[in-house]
Structures are given as C-alpha cells and as structure tokens.
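Visitor: Listed below, chain by chain, are the residues.
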Amino acid sequence: MSSKKSPTNAIQFHSQVPFWRDERVLRIAAQIVSAIIVIGLLIWAVINILNATEQRGLSLGFEFIGESAGFPIGESDIPYDPSRSFLYAFLVGVLNTLKVAVVGVFFATILGTLVGIARLSTNWLVSRLALVYIEFHRNIPLLILLLLWYRGFFTRLPDVQNSITLPGPMYLSQRGLQLTWPRVTPNGWPFVISILLAVILAIIVWVYLRRLQEKTGRSTYFSLVSLGILVVLPLIGFLISGGNPLQADVPVLSGFNFSGGYQLTPEFAALLVGLVTYTAAFIAEVVRAGIQAVDRGQLEAARSVGLNYSQLLSLIIIPQAMRVIIPPLISQYLNLTKNSSLAIFIGYPELFFIGKTTINQAGRAIQVFAVIMAVYLSISLMTSLILNIYNRRIQLVER
Amino acid sequence: MVSNVTNSLEDIRPPEPPGLNTWIRKNLFNSWFNSLLTIISLVLIYLVISGLIRWIFTQADWEAVLKFPFLYLVGQYPRDQLWRVGLLLAIYSLMIGMSWRKWSGIMRVLALTYAGFFVFLAFWPAPVPTLTLWMRAALLANLGIIALGYFLGGIKKITPRYLLIAWMFSLVVSLLLLHGMPMGGFLDIVPTNLWGGLLVTLLLAIGAIVISFPLGVALALGRRSSLPMIRIICTVFIEAIRGVPLISILFLFSLILPLFLPTGIRIDRLMRALIGMTIFSSAYTAENVRGGLAAVPFGQTEAAKALGHSNFQITALIVMPQALRTVIPPIVGQFIALFKDTTLASGVAVLELLAVGRSVINSDPQYLGLQMEVYGFIAVVFWILSYMMSHASRRLEASLGVGER
Amino acid sequence: MSRKFLLTTSLLILIAIIASACQSSEATTAPGEGAAAPSGYGVLVQAIKDRGKVVCGSRTDLAGFGELDADGRNVGFDIDLCRAIAAAVLGDAEAVEFVPVSAAERGPALQTGEVDVLARNATWTSTRDAQWGNFTAVWFYDGQGFMVPVDSGINSIEDMNGATVCVTSGTTTELNLADAFRQRGLDFTAVTFEDTATVYSTYEEGRCDATTSDKSQLASVRQGFATPEDHKILEITISKEPLTAAVPSGDDQWFDIVKSVVWGLINAEELGVNQSNVDQMASGDNIKVRRLLGAEGEWGQADLGLEVDAIAKAVEAVGNYGEIYERYLGASGLNLPRALNHLWTNGGLIYAPPMR
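Just so you know, the sequences run in chain order D, S and F.
The opening position of the first sequence corresponds to residue 1 in the numbering used here, with each subsequent residue numbered one higher.
The opening position of the second sequence corresponds to residue 1001 in the numbering used here, with each subsequent residue numbered one higher.
The opening position of the third sequence corresponds to residue 2001 in the numbering used here, with each subsequent residue numbered one higher.
Hint data in this document are derived by calculation from the structure and do not stem from the laboratory.
Hints should not be assumed to be uniformly reliable.
[Said to hold, decoys possible] With the C-beta cut set under 10 Å, the calculated list includes, among others, these residues of chain F facing chain D:
no., residue
1, M2160
2, N2161
3, P2242
No residue lacks a Cβ here, since even glycine has one placed at the ideal position from N, Cα and C.
Take the sequences, apply the hints, and build the full model.
Guide: Encoded structure:
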C-alpha cells in the first residue's frame, strides 16, 4: 500500500502524516503494546499460580529445603547421608553435574580434535574411519547411546572379586574404576597451597610478560619465567611440609567393595563416555571446518617463507583456525553440560536427577523446578558471557 | 604418416590410471606412520565387525523386538482401526511416487527408502497371527502405489505447485485421519493417549519443526528489531530457552504447566510434549534464522529503502527470501536433532519409540535381559532415518548452492 | 504470483494446524469441562458420566500390575480395577481412558484433576494422602524386602554392611532402605534408577550386591531371571506398602464410589460370586449376594448415584478380586503366593465392610 504513495507524499512525511502513521508514534506504541502483553501474560500466570496453589493446597514456600532429604545418593564428593537437608542434596547434585561436565569437556576436546584431524588425514582408511565415527554418533540419539554404553559395556565388566588390574594400580570392575588417589598428609597442606599459588602466579606473570614482549618487541622469556615459578614455589612448599606431603591411597578389596582410593562409578563412567564420544563427533566437525577455513594461500606462503611444520602449525594454522573454532566449540561444551541431565536414565545423581527425586519425595514441583532452571541458566549465561568477552578480544586482535 | 600420428598421440596420452596396488601404497602406506595407522585401523575394524556379527547372529535374542511390530510402529493405536494408518501410508506412497518423478534427487532417495521400509515390514519375521498375510500383501502393494505415483507424476496437468500444496496439507490430513474429525463424523475418535511408537516419534518431530518455524522467524525478527522493548523480550526468551536442557522444558510443560492452568482447562499429554518441543525448537530456529538474516548484505535493505519500500515489504519480500535460502540446511540439521530428541519424551510418559521399547522390556521379566537387543534395534531405526535426512539435506544444500559464494 | 499463492496457502495451513491442535485438545477437554478441579459433592461423578469415560492414571511398565499386551491394550492388576470402576459407573468396562503417568507425575496428576483415579501401585502414606488427594481402599498389601544372590552369604540386613543396593528412585522404597540402614548404623551405597527394569537388570548383571523393592515385585522379577535359583529373597520385611488407588480430593461421592467398587469386588469373592456365575447368583437365594448384586434392596446405590446392579456389572466385566488376582498375579500370571492378600477368612488382610 505505502509503496503506491506518490513521492510527494513521502517527502512530506514528517509534517503531514496523521499520528497513527507516524513512525515515531508507532514505534513507541508497538513497544508499549508488547510490554503490556508480556506483563499481562505474567500477571495472568501469577494469578493462576496463586489461585491454583490455594485451590490445590500447594505451597510455594522454600521452607522444605531445610528439611532432611531422606533419600540416599549413590555418589557424592562431599560427605552425604540421608539425614542431610534437601538444600545439601541439591548441592551434591550441582557438584556432580559440574564434575561430569568439566571432565567431559576435557576429554571431548581431546577426542574431538583427534577425530577432526583424522578426518583430514591423507590416510584414506583413517579418514574414512573418522567419517564413520562421526556419522554413527551424529545420527543416533544420545539417550540411546548412553543406554547402550551402560547396558552393553559398564554393567558387563567382571564382578568385583575378579576385577581387572590396570597399572596404578587401578581396578576395573562392575563397581567402576577404582583409582589410586593421592591423599594429603596432615602436614602436607603447605605443599598443596604452594601449588595453587604457583599456578595462579605463573599465569599472571605469563600474561604480563607476554604483553610486555608484544609491546616492546624485546624477548621477556615469559615461558621460561613462568615455568620457573611452577617449579620453585612447589619445591619450597615441599620442603616446608617436611618432604612427605602426599600419600598414595591404594584401593583394597574388603567385603563387598573396594575401600580407599577414588571410585568412578559405572554410572558416571557410562555418562562420561557417552557424552564424550557423542560430543566429540560434533567437535570433530567443528575442528575440521576450522582447519579447512585456513586459506591454502596462507600455508603456501608460510612454506615459501621457510617455516617448518611445527612453526606452520603453531603460528599459522592454529591461531587462525582457533578463531573459527572457539565459538561453536563453546556451544558444544554447553550442549554437553545440558545433556548431562540425561543421566536420569542411567542413574547418575546429577542436578536433574536429585531434583526429580526431590519432587517425588517432597512434592513442591514448582520450587524444585525453579532451582533447577536457575542453576542451568546461570551456567549457560556465565559461559556465553565468557564467549562474548572472547569474541570481543578476537575482534580487537583482528583489526 | 599414420603411424607417426599415433605415436605422438601416445606421447600425450594421460598416464595409466593408477592400479589398485599404487592406490593402496599411495593412500594407505605412504609413510611408516600411516602404515601403522592403517594396520591399527584394520585390526579395529575387524574386531568391531566380527564382534557385532557374532552378537547379532549367535548371542542376541530378538524375541522382544520381533514379536511386537505394531507396538513399535503405532503403540496402542486400536488394532481394529489400523486401516487408517495403512491408508495414510498409501497416500504418502502415492505422493512420494509423484514427487520422485517431479523432483527426482532427494525424492528418489526418499522414495527408495520408503519402499525399503515396506519390504522390510512385509517380511518382518513376526508370528503370522500378529502380522497377517493380508497385511503383508497390503504393505507390498504400496510398492505398486509408489510406481503408480511415479507414473501419474508424468502427467503434465499435475504441476509441482499442486504437489507442494498437497504436501503442505498432508500433515493436517494425517492428523484428521488418525484422530478422527473433532466434531464427530464418520470416523471414530482415537484419542492421542493411544498413539505411540514410531508414529508419535515422527509426529512430535515434524509437528514441532513445522509449528516452531513461524515462531522462530518472528523471534528472530524481534531480536533484530530496532525497538528495544521487543528486542529485550525476544532475546530473554531465546536465551532462557537455550540455556536449559530440553528435558527440563518437557518437564515444565508436562508437570508444572497443568498446575498453572486455570480450572477446567486440560491439555492432553501428547500436546503438552509437543508444546514443549515446539517452544524449545523455536528458540533454536530463531538463532538459525538470525544467522541467515545477518548473512543478507545490508546494501539490499538500503537499496530497497531507496526504492521506497515499506519496512514490512523489505522484510517479507527482500530480506527474508534471501535469508531463508541460507537457513534451510541448518533447519534440516535442527530437525534431525529434534527427531533424535523425541526420545526424551519417554521421560514424561509419552509412548514414543523408546518408551514402547521400555514397556516391552518391562512387560515380562524374561525380557529384562534383552535390553541391548531392544535399544540396539531402536538405535538402528533412528540411525537410518536421521542418516537419510542428513543425506537429503546435503543434496539439498548442494542444489541450492548455499555454502558456495 | 505463485509465491504469493504459496505464502497464502502456507499461512492457511498453519492456521489449520493450530486450529486442529486446539480442537484435539478441546476434544478431550470439552466433555469434562470443570472436571479439572471438582469442587463439591457429585460434581466429578457427573462430569465422568457426561464424558462417558473414566480417566485412569496408570502405568505401562510394570509386569502384572500395569503393562501393554502385544496388541497394545492396557492389562494388569491395577488396570482391571479401573475397568471395574468404569463398568460400575458407566456400565462399560472399556469406557476408560488410560493415561500413562510417570512416578513424579502421580501427585500433580491428582492435584490438577488430570486423572479421575490413580491406579498405579502407589503406596498409601499419610503425607501423600494429605498432599495428593484421597486414597481409597487398599488394593494390594505389600512389604519391602531384599533379593540377594544365594552365594553372597547375606541373610540379614546386618550382613549387608557396606553393600551396594539397587533401588528405584523417588519411591517410598528408597526412603525405607535409607531408614533401615540408618537405624542399624550400617553403611551402604545406593544405585538408583527411575525405571524398574533398569534396577533389576542392573542387579542381575551383578552391579549391586542386593536389590530392594516390594516383595511381590521381587518374586515376579526373580522368575524372569536367567537363573532364578541363584537368587533368593530374604525373610525380612522392612516396611508396610499398602498399594492403593487414589482420587482427587473434592468430590466425596466419587471417593465413596471407588471405595465401594473395591469393596464390592472383595465381597464378591467372599460370597463366591464370580464372572461366570454372577447371573445365576443374582437370581439365587443368598440374601447377601442378592443385595450385593442389586437383585434385592439397595445398599446405597441411590446415594452413590449408581445403578443397582453396578457391582454385578463390574464382576461380570473383570471378575471378583480373587479372579483378577489369579489372572495377573496368580498361577496364570506372575505366580505370587497370595499371602497377605488372602481374604481375611483365609488368614489374609483382605477385608471389606459389608455392603448394605
């Protein structure tokens, strides 16, 4: 309609149009209307909730969260027993989610990169195998993959009396993987603290010196200095704690199960392996695309300048590929974290599992739900915040 | 003279195509490292394949899969109404056959897979009382219907446009045929709580992607809007949905939503799962569409503005068509993801394929040990269907010329 | 031109889809308008009669109690209770809409009135009775026990110190397990799953040293194992599990009807009325029987809003309590000993108030 307006009309736009066609008025009106609709919907929802809670005798309070949970949790890195509160049970769930997410991200990155590189291999068989791996995982529902791993592998390991001994010693059985684990001796704490300090200090020094080098152009030996910090500080800590800060806690079979060491349960292992293998297939595609995005001309130019293969990789390919890889990679990390909620089907007690059990045992579906959503949302928002900061930095570098 | 010419021709002839030996040496054993990789890979392949074959043919017990073909296909759909599903399959056979002739390409792959499905089902080794000879014959008859469709597709009067419209209406027609007319009529109503199996899996995925598409487009436009209020609302919605796992959204809609609804309104379970999947999918569609919109050069908008087009016209006629073309491949990818994600609906008591598998396992304690067989079977079904779709999507991508510019 | 045409068509189709979606949700809503929150005596009963269907919250994944047969029909001990209720109220045992409900949804399904009756082997506890709705009359008495491998040397809970136990999450079973061990100051590791099949198969494969659940379930599951003789069920019972159907709170008439149907089926067994002889018994001369079957007097059908022969119809459709038990849990089903679920006259706990 408006396209049929004669040009003169268009020129006189500001002076003569009636207010209902004035763009400025319309813009404000549209916003007010949408705000009213959204606020109206919210109010409607709230009224409904209040009505429903009254009618159905639901409670919206959070008092229950301090009551004792009563249900057992299969694995927890902080001491838990059923007399602890629901809040504490939630905390266990959050920690379990973070545990599988962090470890999963680590291994998925390694495996995904390997498969992605294999996909580009000049060896026809290896490249085909990588393709089969990727296609297999991309076209199968994660939930079924998890069930297959759990049912088909981890519960079919030898029983605990006949467990497989791996170097370490580690023991692999139906009860999971029992690791020998370093335990801090009573006077070993200075050593642990010194390691933490060293890592933090090393990173700060590394970043600072590197910037200095970029600015001044003079070599500051940033890698060497940080490495020095990483060696010297723990050494001091080691001496302070009397030379015996850590003790190997070797698992021993006693009664029904191993005691001592650190146990990774089959449920955790199945979830981890499932998430890692699945996500790795997607990461492999991201990595492949990233590497292929590097212009061939760049490689040829670098070769002709005389860079060797490792220089080519570290100075030309990786920095450019990373820029393409990082954003989709982080979204894969986020997917992995969210997908860990599927653990509910194979019995790993992460946040969602604990939440659902709480709904079963205490009712209070609405409150429990709010907590679950809030935790996942804050993990996601935090990650996208980091991603945004990274993107901004990359853009600066580009210019 | 003549021999001379042949000689010179021989000189410029391209070298003989490399023989198998050369190829193997070049691609598999060109360095010690690659040779090592090749050998490791061969061992790996042998172990996996021989292990699988041994399991499938000697160790596995397929009773829990083979005995219940209809349960896996349609769940609890009344057995005396099965002809409706059959009719639906026949209608699709005809349409797929016609599309094959008209469009070839992807449609050929689809048609062949569809035909394969019928052959597979017709020879399903279930006891004859469950799957009667008549039913098997009817299934095979679909091959003829596909052929008929292929023949009819050659008629000039049936233009691709009519076929496209038929496809668009097919979803509504399927729903009406399966459910019966809402107002009664000559078909019995089959309430959705009786639907199940692969039928529900497909319905959830297709329904969610179709309904979420316009929602997603609206959200994407809203997020790019110059009006701060609308932009904020859309952004918050999209980010909130993308920030939480699908399973929690399904729970929100199946468990919490009914608590919020005013007295007297009840939404059936399949619908609740569908709403959950749709809302979830719309946020992802929105981001895909936004990517597509960003790919349209700003000059297009400026040029259109200069020609005096209104904002609506610019969006609907200039920016959107260009954006949507680039958006098709990621939307197909999203559809595949959604299709796989329907398995999560089993967690909210919707009897889709995986949930049917679980009920079968639970229905008899003797099936407890047959979980690998059931899950393996379901995995294969999902794998074939999603592989088909991603294959089709790649061909579509190539034919649209997206990705090369 | 053709683009505009396509645009219009696709818009139309979208509208059609949305409309059909709304309609299909209406289709289940409209007849039961107001059913979602029955507020007052007889309101829900009227709604059910108008709708012509009883909505029954059930499960499809527990052998014997609620499962699907090869034709996709709901069958089981709990399922037949719903059919009996439908037969009594509507005169048609098939007038039931079975809604599969997951464990977590049981409470909300009742609170929101999504189901008219929840027959999904839920344990009656006082908190649930207060939170969810009203629990009717006990349908099956159970108790929680343990199953262990014979060669494990476990004979008591004390022997299980430090053991790993497989259990279904979100159930009273899980809580009882924790209580039992805490009471005795023993240590254990729980491996919990939502899905009962996963619990048992995980135990069978040896992931756990023991599994715990209602003894009836354990017995039926044990028979399905590859080598049943390698597993035994311990004598100890650590809890009371009265599995009971529940109704939404609000309509006391409906509450009474469901209770009466349960009692009717029990009394029918006590009086020797079964599926095959119900007609001739009604014309027989036993006054108690005649009253139960509506051949003489009224035991309150008028107050309950039922036909006089409501119980007769229920028995005709699914049989008496004993027959239902026999069909799914007895010799022709899971082969569980009746034990506590014998009639009180046979030393069990199944006892119903007189119908008069």
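Visitor: Which hint numbers doesn't this structure obey?
Guide: As far as the earlier hints go, only 3 is violated by this structure.
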